[in-house]
Amino acid sequence: MQTLDNLLFGLEVALTLQNIAYCFIGCLLGTLVGVLPGIGPVATVAMLLPFTFNLGPAPALIMLAGIYYGAQYGGSTTAILVNIPGESSAVVTTLDGHQMARKGRAGPALGIAAIGSFVAGCIATLVVAFFAPPLAEVAIKFGPPEYFSLMVFGLIAAVVLARGSVIKAIAMVCVGILLGLVGTDVNSGVIRYAFNLPELMDGIGFVALAMAFFGITDVVANLEETDQGDVYKERLGSVLPTLQDIRTCFWSIMRGTSLGSLLGILPGGGALLASFAAYMVEKKIAKPPRNFGEGDIRGVAAPESANNAGAQTSFIPMLTLGIPSNPTMALMIGALMIQGIQPGPQVMTERPELFWGLVASMWVGNLMLLVLNLPLIGVWVRLLAVPYRLLFPAIFVFCCIGVYTVDNKVFDIYVLAALTGVAYVLLKLDCEPAPLILGFILGPMMEEQMRRAMMINFGDITVFVRHPVSALFLAAAAILMLLIALPSLRAKREVALQE
Amino acid sequence: MHIRSPRDFWSGLIFIAIAAGFMIGARRYGLGDMHQMGPGLFPTLVGALLVVLGAVVALRAFVIEGPPVPRFYLRPILISVVAIALFGVTLQHLGLIAAIAVVVLIGVLASRESRPLEVVGLVVLLTVFSVAVFVWMLGLPIPLWPDA
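As they're listed, the protein sequences go chains A and B. Following the numbering used here, the numbering of the first sequence begins with 1 at its first residue and continues without gaps. Following the numbering used here, the numbering of the second sequence begins with 1 at its first residue and continues without gaps.
Rather than coming from a laboratory, the hints here were simulated on the basis of the structure. As the structure is a computational prediction, the values presented were derived from the model and not from experiment. Be aware that a few hints might be false.
[As the list claims (entries may be wrong)] To give an idea of the chain B side of the interface with chain A (calculated C-beta under 10 Å), a few residues: (1) 22; (2) 62; (3) 63; (4) 65; (5) 107; (6) 108; (7) 110.
[Claimed, not checked] Label-pair distances were calculated between CB atoms; the ranges are: (8) 13(B) with 378(A): 25 to 31 Å; (9) 138(A) with 78(B): 49 to 55 Å; (10) 418(A) with 131(B): 25 to 31 Å; (11) 128(B) with 126(A): 40 to 46 Å; (12) 242(A) with 2(B): 28 to 34 Å; (13) 133(B) with 378(A): 21 to 27 Å; (14) 131(A) with 139(B): 37 to 43 Å.
Glycine included, every Cβ here is placed at the ideal spot set by N, Cα and C.
Generate the whole structure from the sequences, applying the supplied hints.
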C-alpha cells in the first residue's frame, strides 16, 4: 500500500497550518475572481501569481492549485446566475443551469454543482495518486528522442482536441515555439532575437505573454461587446438540492467524473473538453424523462463533475512529464520554474513533499470549496452585481502589478503592452491563443531534447522512428492528424465543439 | 482570384512574415549541422514549417469560404495598450501610487460607460488595496514613491 502511505505523507504536508491557510486563501481568491464575469482561470491564476512568489514551492503550488479549482467553481456560479460562462469550460453549464435559475431553482443548481464538483474532486484525487507515479516511472526512463516525440504528440493532440482550424492551431504552436526561443540559448550562450535589449536576454516573460493573450485581450473583447447578460436578481432560496435531486444526479455525477478524469489526462483535454463531452453523453444516455436545455439538473451535475475531475487529472501530465495539457497547466509550469523547479518525472522522487502535498491538498481544497461555497453563495451573488466598468480597470492594475513583480522589471510591462496588440490582431483573425502558450512553454524544451538526440546519434534523424516508444508517439500524432483530416470525423468534431 | 476567407488569408500572411523574420534572424546565429545543432538551426526548422503552414492557410483562403475579418474597435485596444505602457513609464519614474492612478485614469477611457466620480473612488480603492496587500502584506519590492 505504497500509495496509501504516500497519501498519508501528503496529508501531513497539506495539513500543516501554513499549507491549510494557503490552500484556503487560494480557494477563496480563486472563487472570488472566478465568479467575476469575464475573467477565466488562466487570467485568474496569472493575476494571482504574485501572491505565491514569497512562498516556498509546496505552498505556492498548493495555493495555485486552489486558485485554479476555485476559479473553475466560481465560473460555474456565474454561468448559472448570469448566463455568462466565467470560463470556457462552464459554457455547457449555462445551458441547463441558467434555465434552472430562471425557473427559480438557482439554489439547487449551485448546490448540485458544488456537490458534483466535490465528489468528482475526491475521486480524481485518487486517480492522480494512483496513476501519476507509474507514469513518472516510465517517463523517467525516456531518453531525448522519446521526450521530443512525446512533446510533438502532446502538442498535436492538444490542437486536435481544441476548437478551431487545426492548421492554424499548429501554426500558432510554431509561433509560440519561436517566441519561446527568444533570449540566451543555454547551449551556446548566443543571445537570440533580443534586438540588443539586455532585458530580453532571459527571454520573453511568460506571465506577460499569458496575461496579454488571456487577461487584457479578454477585457478588450468584453469592452467591444455591449450586452450585459441576464443577471439573476431574485433572492436565492436554499442551495441544498433535495434528496430527489441527488438521487437523479448520482449516476450523472459518476459518469461525469469518470469521463472527466479520463479526458483530463489527455493533452489538450482538461476541463473544457471534459465538460462538453460529459454533457453530450448525458444527453444521450440519461434516464428519461430528459429535458436537457430546459433546466435538467443532470445537465448541471454531469459537466460540473467532469470539469472538476478533468481540471484535477490534467495535473498528471504536468507533474509526471513536465508537459502542460492546457494553458493553465502551462502557467503552473511557469510558476514552478519561477520557484526554481524544472517540472518532470524527477519531481516525484526528488521532491515527494511537493507532489504528494499537492495531491492531498486537492482533496482538502475540494472540501474547503464545498464548505466555502454553500454558505457563502450569497456573497458571491452580490459580487456579480459589480458592473464591468469598475471591474476592468482593476484587472489592468492587477495584471500590471502581477507582470512587474515576476522579475521586478518595468520592461515586462512594455512586453505586456506590445503583446496585447499582437494578441488582439490574432484574436480578430480567429487564431486560438492556447496553442501558442503551449508552444511557448514547450519550445525551448523541444529544442533541447532534439539537440541531445542528434548529438548522441550523430545527426541521424531516423532515431525518432527507430526508437520504438518515440515511433509510437509520432505514429499516434500522425494518426490523430489523419483522423482529423477525414471529412466525416471532421464534421463530427465541429458538431461536438459547437454544441 | 478572389479571397473567400479573409481571416485565414491574413493569418497566413502574418504566419509567413513571422517565420521569415525568425529565419532571417537565425542566419546570424550559426546553423551548425544536424549532429551539432547550432543556435540558428532549430528556429530555422520551425520557421520553415511555419512558412509551409502559413502558405497553406493563406492559399486555402481562396478555396474555403470563411467569415470576414470582424471590425477593429480602435478605442478599447489602443487605450488599453497605452494605459499599460504608461503604467510602466510611471512606475519606473514616479512609483506605484502614481502608476495606479495613471493606468486607471487612462484605462477607464476604454469604456464609454465610465463615470467620473466612480473613477476617483476606484483609484483610491485600488491604490489602498494594492499597497496594503502587495507591498505591506506580501512584501513585494515595488517602489511606492518617486526616488528622491
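Here's how the hints hold up against the structure:
Because the smallest distance between the Cβ of residue 22(B) and any Cβ of chain A comes to about 5 Å, under 10 Å, the interface hint for this residue holds. The criterion of a C-beta within 10 Å of any C-beta in chain A is not met by residue 62(B), whose closest approach is roughly 15 Å, and the hint is violated. The restraint placing residue 63(B) at the interface with chain A is violated, with a minimum CB-CB distance near 13 Å, outside the 10 Å limit. For residue 65(B), the interface hint is violated, since its Cβ never comes within 10 Å of a Cβ in chain A; the closest pair sits about 13 Å apart.
The interface hint given for residue 107(B) holds, since its Cβ lies 5 Å from the closest Cβ of chain A, which is under the 10 Å cut-off. Evaluation of the residue 108(B) hint against chain A yields a held restraint, the C-beta minimum of about 5 Å falling below 10 Å. Evaluation of the residue 110(B) hint against chain A yields a held restraint, the C-beta minimum of about 6 Å falling below 10 Å. Here the CB-CB span from residue 13(B) to residue 378(A) is close to 52 Å, at odds with the stated 25 to 31 Å.
A hinted range of 49 to 55 Å for the beta carbons of residue 138(A) and residue 78(B) is consistent with their spacing of about 51 Å. Take residue 418(A) and residue 131(B): their Cβ atoms lie about 27 Å apart, and the range 25 to 31 Å holds. In this structure the hint that residue 128(B) and residue 126(A) lie 40 to 46 Å apart at CB holds, the actual value being about 44 Å. Checked against the hint of 28 to 34 Å, the pair residue 242(A) and residue 2(B) fails, with Cβ atoms roughly 60 Å apart.
Taking the beta carbon of each, residue 133(B) and residue 378(A) are about 24 Å apart, inside 21 to 27 Å as hinted. Separation of residue 131(A) from residue 139(B) is about 38 Å and conforms to the stated range, judged on CB atoms against 37 to 43 Å.
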